[in-house]
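A.B. asks: These protein sequence lines are chains D and G, in that order.
Residue numbering for the first sequence follows this note's numbering, beginning at 1 and increasing consecutively.
Residue numbering for the second sequence follows this note's numbering, beginning at 1001 and increasing consecutively.
Every clue listed holds true.
According to the in silico footprint, chain D covers these stretches of chain G (three or more CB under 8 angstroms from chain D):
(1) 1054–1062
(2) 1149–1155
(3) 1182–1190
(4) 1199–1210
(5) 1318–1324
None of these hints come from the bench; they were simulated from the model.
Just so it is clear, CB atoms sit at the ideal spot from N, CA and C, and this is done for glycine as well.
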Amino acid sequence: MSDPARQARALALLFGGLVAVWLVMLNFGALGAVAFRAEGLTALRNSDWAAVRFTLLQATLSAGLSVALAIPIARALARRQFFGRGLLITLMGAPFILPTLVAVLGLLAVFGRSGLVNQVFDMLGLSRFNIFGLHGVVLAHVFYNLPLATRILLQGWAGIPSERFRLAAVLGFSPRDTFRQLEAPMLRDLAPGAFLVIFLICLTSFSVALTMGGGPRATTVELAIFQAFRFDFDMGRAAMLALVQFGLCAVAGVIAWRVALPSSLGGGLDRPVQRFDLGGRGLRLRDAALIMAGAAFLLVPLAMVVLRGAPHVAALPPEVWQATGRSLIVALGATAATIAMTLALAHAVLALGGKRGAGLEWLGLAALAASPLVIGTGLFLLIRPLANPRDFALLVTMLVNAGMAMPFALRLILPDLRAELTTQGRLATALGLHGWARLRIVTLPRLRRPLGFAAGLTAALSMGDLGVIMLFAEREGATLPMQLYRLMNAYRQDDAAGAALVLLGASLALFVVFERWGRGRAGT
Amino acid sequence: MRIPVFAAVAALTVTPLQAETLVVLAPDYFGSSWGPGPAIKDGFEARCDCTLEFRTGDVLPRLMLDGSRLEADAVIGLNTDMTLRARETGLFAHHAQDLSVLTVPVAWEDDTFIPFNWGFTAWVYNNTLLDDAPSSFAELLEREDLNLVWQDPRSSGSGLALMLWVDQVFGEDAEAVWRNLAARTVTVTAGWSESYGMFTSGEANMVLSYTTSPAYHIVAEEDDSISAAIFDEGHYFMAEVAGVLANASNPDLARDFMAYILSEEFQSMIAFVNWSYPSALLREDWPAEMRDLPFPDTAIFLDEVEAEARRSAALDVWLEGMTR
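Construct the complete structure from the given sequences, taking the supplied hints into account.
C.D. replies: Written out as structure tokens, the structure is:
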């Protein structure tokens, strides 16, 4: 092995190692700070255990409903061809990058007390229903995760070889037989993974419970941490809750790891195999109804955000624009950090290979089960003796966002990097290309598409994140989601509607810009 | 040569004679255009030759979390149920004012905090939509037809007042009261504004607010359809206070602000900018719209020591009743 090659390997291991140390510090160092302050299980009130129970209940219901509803919708989408199918599937990726508060405002406009559905109920003489509480939290989570589940399952359908459907047709399978023989086994493989991913996402739910919970009955552990910290100034209890939350996430994370997460977010779902089990007119109508209901559930709230917000954007107070500026800085900073860290870690994973590489990869994915509020509480406790934590509000938010986006980025980038190494690696080495030059000339152009997608995802997630910032910032230094929450709290509905639209626009724009860049010269 | 150099240095440090700035920590609603902030700012700046800057947010959390790192001269908007916790931070200095002008209905001897207005918490409703409002807390509990919106006692002063009000009136039975209320609660909001906004846009029959809230609708909107339900059991008294911070960079100016709070000018304005009773103005001098509002027969008052002593246990009961 030539010297530059060894140098490059050493460099990859060095940077990857630094990232690994940072991740360990972020995920476990903050936890250590928290554990140091924790006061033992006796510090927890009954209501804290109620929060634990509620967290598990809502996550189970949210994940269960999302997957259960996704099965018929994905099945209908898989066997039907219609105008706009590709667009609809693309749009189903949107909630993933949709800021939570925007989704909440959209859902309130449809399902809230004076929302569309209740207006219809009113006209029909039915009594209005109340959105706040468990059902509100679950509704918001299903809104978020039904599209994710649908996309994961659609991949499963796309993965069933078309020859089998052909064979099924030859054998005269009815749609029911097809389901039992071909589709059910696939679902048995994929559905548990989809359930666990969504369960994990809902386990750390903060802003949905904050806005849709409607009181202590619907408090998640994540929200209880915030309340203990902020309202009771009880760092010991906040720390203890943080430990409980970490335990929940760790257990769920390990189970999810064992069941093997479906490699989500993949593209190429818009070319259906030719299907013969299309059934009669009844089945066609049922599929159409399912698809339309799913699309309406997804699109009407978003349309409401746009319709309600548009008239008020021009008159937004200056704080909203200042907050937008801050959020853009945070989002771009988080994106740069995520991409740099992911590239470093991915290189190290491949350079190490084997068990140790897998261990490193696991560390990168571990953040999927990490709780932002736990990390935030830990960092607050670490910074406080040294400096004013408020001065670090944006930096901490940026770094925590970067950590949270890392699992997705790693999953997107690692396979392509691995492919690059096997296909181009030897040639590049033979040509003596190493280090920065190789990264610039060989690696980055090949990785452009996943890099663009990962960057877009990170930027949008960070733009819309409401979590850690709530521990660190006051009115001054608020990010756009926090400013939006404040406007909602002050019941300034017009300003809130306008700010929600700005937030939606900014998140989508960030995603589209990066993703376009990625597609720009892909595959050269 | 020495003297001119000295003079030049002095000139450099002194001549950029910027008006002094008084930084006052205040609750969120102070900063909004409809809150009391703008009128108080104009009033004080007219007499101080300075700039008054309200730094708004959650006042008590900020005091507790920032401690000595807090950069402000004075605080306004804490209430009597929180003053002990605020006092115990050790962040406050004496206000150095003569309190004999106070007219609050409780004896007030405190060299740290000055009440600037006061009121009673009450359930507020629209009298054109609800013509048989309950006349006691006990009756409210039997009225299953009414849905309510109110505030979290952990994050809101009025929510905390409700919690202590129920604790005082119902004692042992408080948990059952919360269970009862929870069943008819649209939502418990973090702050007052969101609740009140939901109420005014028709999302609840009654909202937890103050006996003085109707005055706003009468004066500012010429609308007399909003009333406060006066309860036989009495209403919970709450005063909002201000104080000087010990590490104020401008302590004299902060004390001038305290003097302004007790001035007749401030007191005759506060009723209509903060929609509450003035703390240093005789009742006959209150604006007629405020004076004529139904006034509770019985005031329930817990001093800060009593309020703080009950808070934690009452909160457990509240959480218990609300989560069951």
